[in-house]
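Kindly generate the complete structure, drawing on both the sequences and the hints.
Chains L and A, in that order, give the protein sequences. For the first sequence, this note's numbering gives the first residue as 4, with consecutive numbering after it. For the second sequence, this note's numbering gives the first residue as 398, with consecutive numbering after it.
Errors might be hidden in some of the hints.
Which residues of chain L face chain A? A partial, calculated answer using Cβ under 8 Å [said to hold, decoys possible]: (1) 193; (2) 201; (3) 202; (4) 204; (5) 217; (6) 262.
For the record, the hints were derived by calculation from the structure and aren't laboratory data. Heads up, the beta-carbon is just placed ideally off N, CA and C, and yes, glycines get one too.
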Amino acid sequence: MADAIAVKGVRAAQAAPPPPAPRRLRNGFAPAVPGLAFLLLCFMLPVLALLLRSLTQPQWGLQNYAALLATSTYANVLFNTFAVAGLVTGISALLGLPLAWFLAVAPRFWSQLVFGIVILSMWTNLLARTYAWMVLLQDTGIINNFLIWTGIIQNPLPLFGTMAGVVIGMVYIMLPFMVLSLRGPLAALDASLFQAASLCGASRVQAFTQVFLPLLAPGLAAGGLIIFVMSLGYYITPSLLGGAQDMMLAELIAQLVQTLLNWGLAGAASFLLLVLTLSLYAVQIRYFSPRRGKEG
Amino acid sequence: MTQAFLELRNIRKNFDSFTAIDGVSLQIPRGEFVTFLGPSGSGKSTTLYVVAGFIEPSAGEVLLNGRSLLGVPPNHRDIGMVFQRYTLFPHLTVAENIAFPLRVRRRPKAEIAAKVDEMLRLVHLSAMRDRKPAQLSGGQQQRVALARALAYDPQILLMDEPLSALDKKLREDLQSEIKRIHAETGVTVIYVTHDQEEALRLSDRIVLFNHGGIEQIGTGEDLYQRPASAFAAGFIGNSNFIDIEVLENRNNIGDVRCPDGSTLSGVPLMGRTQTGKAQIMLRPEHIRLTAEAEGIGGHVTDAAFLGDVMAHTVLTGWGQEIMVRTPRQMFMGPPAGVGDAVRLGFAPADAFLFVPH
Ligand SMILES: Nc1ncnc2c1ncn2[C@@H]1O[C@H](COP(=O)(O)OP(=O)(O)O)[C@@H](O)[C@H]1O
Ligand SMILES: [Mg+2]
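Structure (structure tokens):
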């Protein structure tokens with residue numbers, strides 16, 4: 004009896020045309036209007052205004068962009084920005100991978116404790132954390148004092164007011180993003196995959212490079228992109244921990260606006276930063292978005 | 398004594414204070430299909446993983462061609478394995494999965510391509526070569542896993558319940574396929590299952606596991622016809638156990654008393670007891686339903702026609718249900734129906750006597 008009904012149901016479903024997409028969703032723009040209007044007013048308009056200024060001040064033309072790329076001071080800032088963002092991303096990946104691995108394989112208690120610490124550090128005020136690093140990184144700070152006390156070094160390392168200090172402080176802030184991006188993919192890995200790889204003849208190195216890394220590539224790419232993009236525009240940490248010679252793009256923009264009142268050049272720098280960010284985002288969507296991963 | 402191809406000597410494995418396997422010893426000649434059969438938790442996988450090299454035994458020795466495998470890491474053991482779970486590399490295609498063991502061995506490109514083609518033909522999946530594992534059914538995934546495990550011509554192929562996640566029809570198809578592949582390649586196979594039918598269908602020999610030890614080793618027929626223990630008798634095939642008392646022992650042939658007081662003579666005691674409490678095991682097909690005056694009395698509580706056999710359940714006077722299977726051609730007259738009073742007849746020589754511990 005139940006079978007007959009089931010069969011009938013299947014037939015009916017096959018005969019019927021595919022169900023139309025729910026109408027509500029197609030005409031569903033209305034609720035988004037306030038949010039879209041807000042974005043238009045507070046994001047798109049200022050961006051356009053900036054673009055306009057970068058092209059018109061002091062006169063029409065691309066002179067601001069040319070200055071940005073050709074003047075060695077500004078080119079240096081661009082180089083610093085990429086160097087810091089690249090180093091922070093790379094070091095976060097190197098530190099984040101084993102940390103995420105630990106979270107995936109450690110006993111539940113330890114895994115939750117460490118994860119809690121990671122999250123808690125994210126929730127702590129950014130300024131407070133950066134000031135803490137100022138204390139730690141000083142010539143007479145805890146780190147240098149400790150290293151001198153152990154005899155590893157004689158004179159304090161130049162940590163504060165250098166690119167090294169900026170990178171250290173930013174890695175600390177960015178690391179949780181890497182851990183969060185890798186945690187899911189790592190938890191989904193099956194240990195028997197590596198047993199299979201091993202029996203297939205793969206050494207540890209081969210299992211790592213040919214099985215482990217490819218499977219984690221989407222997570223690494225996602226975390227790396229978030230960190231790289233955020234680092235490109237980072238302001239507080241570089242300005243508090245870095246020196247004048249290690250200026251990054253966001254600091255330059257602030258200085259151009261606040262001290263030099265050069266809105267045209269500041270606009271060009273901002274627009275450059277925006278374009279860089281959006282193109283990296285496009286790369287991420289094109290090659291690493293999870294939906295594509297599943298299809299492929 | 399000739400040296401066995403693969404030999405396990407007195408393997409023991411403790412997990413903390415828990416002993417998972419104890420005193421497992423076994424010799425396997427080259428090319429044999431051996432099945433580890435036993436209930437869940439009896440130590441089959443642990444023993445298999447000791448051979449694979451993922452578990453280091455607490456004591457004992459594993460020898461391949463007379464040389465110890467202990468201390469040889471899994472990737473140098475030259476062993477193939479198909480796991481219970483699907484372990485294909487999800488980022489590689491079917492062909493790339495099969496090529497993986499050859500690529501890590503840095504074999505020449507042409508050789509890899511030829512071998513991949515050969516393996517795809519062996520498991521009948523040539524059409525699927527460019528699919529990703531997620532686009533395959535469970536049965537297809539296990540066939541690819543089999544191809545990957547055989548691609549490097551391993552000395553031994555291990556399989557840990559590879560078909561347990563598949564439905565019955567597919568399982569039977571793949572069983573014949575595994576049998577064919579064993580015949581074609583001649584590889585030595587150790588196959589783990591808890592399904593007696595699968596073990597009987599596939600194996601040259603069955604190693605019956607129980608509580609971390611080996612209960613009996615033999616062909617399927619050995620285990621069925623000559624079970625070494627009540628456990629073996631109960632695990633392979635259907636069986637009825639009846640508590641009895643041995644009254645008299647004449648040259649290892651006994652007179653025994655059944656719970657209803659009836660007595661039987663001529664039961665082989667197999668050197669297992671002098672006199673006293675014991676059990677006899679009777680296969681359902683060794684029992685006849687008779688109208689004669691002797692034998693154990695009871696009445697039919699269930700009767701089912703199963704095509705080639707009739708299956709009866711008979712409730713004895715002391716309240717035990719006994720299964721009886723009668724081949725169709727053995728019927729004389731209409732078969733007994735539910736509620737009929739019957740007597741159970743059997744040849745005493747068909748009874749297996751065990752002494753419970
Ligand atoms: N890593 C382990 N730690 C602790 N106990 C284990 C471990 N692996 C297996 N066991 C125990 O050892 C026994 C045998 O397990 P196993 O060999 O997997 O049984 P089978 O494969 O026959 O079902 C089981 O009781 C199981 O709980
Ligand atoms: Mg098992």
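Going through the hints against the structure:
1. 193: holds (7 Å)
2. 201: holds (4 Å)
3. 202: holds (5 Å)
4. 204: Since chain A brings a Cβ to about 5 Å from residue 204 of chain L, closer than 8 Å, the hint holds.
5. 217: Holds, about 5 Å.
6. 262: violated (51 Å)
Hint 6 alone, counting from the list given before, is not met by this structure.
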